[in-house]
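*Asks:* Now for the letters of each chain:
2 protein chains.
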Amino acid sequence: MKLYTYWRSTSSYRVRIALALKGLEVEQAAVHLVRNGGEQHGEAYRALNPQERVPTLVLDDGTVLTQSPAIIEYLEEAFPLPALLPADPVLRAKVRAVADIIACDMQPLHNLAPLTYLRRTLGQAEAEVSAWIGTWVGPGLQAIETLIGEEAYCFGETPGLADVFLVPQLYAAHRFGVDLGAYPRIRRIEALTEKHPAFVKAHPTNQPDGE
Amino acid sequence: MKLYTYWRSTSSYRVRIALALKGLEVEQAAVHLVRNGGEQHGEAYRALNPQERVPTLVLDDGTVLTQSPAIIEYLEEAFPLPALLPADPVLRAKVRAVADIIACDMQPLHNLAPLTYLRRTLGQAEAEVSAWIGTWVGPGLQAIETLIGEEAYCFGETPGLADVFLVPQLYAAHRFGVDLGAYPRIRRIEALTEKHPAFVKAHPTNQPDGE
Numbered sequence: 000m001k002l003y004t005y006w007r008s009t010s011s012y013r014v015r016i017a018l019a020l021k022g023l024e025v026e027q028a029a030v031h032l033v034r035n036g037g038e039q040h041g042e043a044y045r046a047l048n049p050q051e052r053v054p055t056l057v058l059d060d061g062t063v064l065t066q067s068p069a070i071i072e073y074l075e076e077a078f079p080l081p082a083l084l085p086a087d088p089v090l091r092a093k094v095r096a097v098a099d100i101i102a103c104d105m106q107p108l109h110n111l112a113p114l115t116y117l118r119r120t121l122g123q124a125e126a127e128v129s130a131w132i133g134t135w136v137g138p139g140l141q142a143i144e145t146l147i148g149e150e151a152y153c154f155g156e157t158p159g160l161a162d163v164f165l166v167p168q169l170y171a172a173h174r175f176g177v178d179l180g181a182y183p184r185i186r187r188i189e190a191l192t193e194k195h196p197a198f199v200k201a202h203p204t205n206q207p208d209g210e
Numbered sequence: 000m001k002l003y004t005y006w007r008s009t010s011s012y013r014v015r016i017a018l019a020l021k022g023l024e025v026e027q028a029a030v031h032l033v034r035n036g037g038e039q040h041g042e043a044y045r046a047l048n049p050q051e052r053v054p055t056l057v058l059d060d061g062t063v064l065t066q067s068p069a070i071i072e073y074l075e076e077a078f079p080l081p082a083l084l085p086a087d088p089v090l091r092a093k094v095r096a097v098a099d100i101i102a103c104d105m106q107p108l109h110n111l112a113p114l115t116y117l118r119r120t121l122g123q124a125e126a127e128v129s130a131w132i133g134t135w136v137g138p139g140l141q142a143i144e145t146l147i148g149e150e151a152y153c154f155g156e157t158p159g160l161a162d163v164f165l166v167p168q169l170y171a172a173h174r175f176g177v178d179l180g181a182y183p184r185i186r187r188i189e190a191l192t193e194k195h196p197a198f199v200k201a202h203p204t205n206q207p208d209g210e
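In the order they appear, the protein sequences are chains A and B. Per numbering that gives the first Met the number 0, the very first residue in the first sequence carries number 0; after that it's consecutive. Per numbering that gives the first Met the number 0, the very first residue in the second sequence carries number 0; after that it's consecutive.
Read the hints as simulated data drawn from the structure, not as lab findings. Where is the CB? At the ideal position from N, CA and C, for every residue including glycine. Hints may be right or wrong, so weigh each one.
Claimed, not checked - Here are the computed distance ranges between Cβ atoms for each label pair:
{"id": "1", "chain 1": "B", "residue 1": "Thr115", "chain 2": "A", "residue 2": "Ser129", "range": "15 to 21 angstroms"}
{"id": "2", "chain 1": "B", "residue 1": "His40", "chain 2": "A", "residue 2": "Met0", "range": "43 to 49 angstroms"}
{"id": "3", "chain 1": "B", "residue 1": "Leu80", "chain 2": "A", "residue 2": "Gly122", "range": "40 to 46 angstroms"}
{"id": "4", "chain 1": "A", "residue 1": "Leu23", "chain 2": "B", "residue 2": "Gly22", "range": "36 to 42 angstroms"}
{"id": "5", "chain 1": "A", "residue 1": "Glu76", "chain 2": "B", "residue 2": "Arg45", "range": "31 to 37 angstroms"}
{"id": "6", "chain 1": "B", "residue 1": "Met0", "chain 2": "A", "residue 2": "Met0", "range": "37 to 43 angstroms"}
{"id": "7", "chain 1": "B", "residue 1": "Gly41", "chain 2": "A", "residue 2": "His40", "range": "41 to 47 angstroms"}
{"id": "8", "chain 1": "B", "residue 1": "Asn35", "chain 2": "A", "residue 2": "Arg118", "range": "34 to 40 angstroms"}
Bound-form chain A, shown alone (with noise of 0.2 angstroms):
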C-alpha cells in the first residue's frame, strides 16, 4: 500500500496512526499542500483524489480510496487485528461519534481552505481566524469530555477509532494555541500517547516530509 500524506494534515495523521497501531507498514508519498500552489492540485494527484485533498490510499492492486474516515474504517475491516473498534454496535456507535464530532464537526473548519478563505476572500486578519477557530474547537472539545469514559483511552484499556482522531485533533488545537485547560480527561489521554509507539511514530514531526 502507498500512503499520499501531508506530514501536518489531521486527515492523514489520523491514517498514520490507525496504520501504525495495526502494525502496517506503507510507502508514503509526500503531497506538499502549500509548496508550488498546493501539489495536491496537479493533473497526477487529481486523478488520483478528484477532491484534490490528502490523504490518498492506493491498495497493491490499485485501488485508490479516499476520505480519512472511509480509509481508516476499511483498514478496520481488512485488518481487523488490533481492534479499533469494539464488537457491540451500541458502543461502536458512541466510538464513531466522538470520531464524528472532529471529523464533521471540527476539523472541517479549521482546514487549510477554509482559513485561506476566510484570510484572502473575506479580509479576515489573524485574530478573527483565531477567533473563529476557537468557535468549533472548543464546544467540540468540551462535547467530547463529557462523551468518553473514565478509562485509560476514549472507549478503553487500548487506543480506539476515538483516539486515532482525537490525537491529531489536540495536535491541531496546540497548533492554533487553544487551551485544553478545561479537559482533563482529554489531557490525560493525551498524555498516554505521547509515549504509545504508533502515535509517536505517526506524529508529524516523525514524517520523511516533516519541517
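We have chain A; now place chain B onto it with these hints.
*Replies:* For chain B alone, kept in the frame of chain A given last:
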C-alpha cells in the same frame, strides 16, 4: 426508538432516510433550531446531546446515540437488511468516501452555525455568504459526480449509504440556489429518489414539524 429531529436539518434528513429504507418506524420529537433562540440549546436537550445539535436517536432502553454518520452505521449493524453498504471492504470504502465528502467537506461549512457566524460575527452580506457556500458545494458535487458509477443509484441498483447522504445534500444545494446542471449522474439519481417511497417519507416537507 425516538428521533430528535428538525425538518430542514440535512443531518436529521439522512437518518430519516436510513430509517425509512430499513422500514423502521420511530417516534419523532421536533427540536426547532431557530425558534426560542434554538431549542437545541435548552437544558433538557443538552443533557441528551452535549453538542446541542440534531439528530439524536434514543433507543428503547434509553441509550442515547448522536452524530448522524454514527447513527446510520449503527442502524446498518443492528438492522442489516436491506443493506446500505455492500459486503466487500473495498466497495464499502468507496461508498463511505462519497458519504464522507458530504459529511466532512460540504455540509459542515454551510451548517447553521458557521453561516450564522459569517453573518452576525463577521458581518458578511448574503452575496458573500452565497459565495462561501458555493465554494464548498460545487467542488464536492463535482468530486462525487466523478466517483459514482453509471448504475441507477450512486453505487448499485438499490439505494445505499451514499444516496442517504447525497439526497439531503441536494436539498441543501437547491435551498442555496446551487446549479446542478454540471452533474448529470447526480441529477439522474435525484430524479429516481424523488419517486422512491422511503425518500419521499423522509423529505423535510413531509415531516410533522415541516413549515
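*Asks:* Compare the structure with the hints numbered earlier in the document and write down the numbers of the violated ones, lowest to highest.
*Replies:* 3
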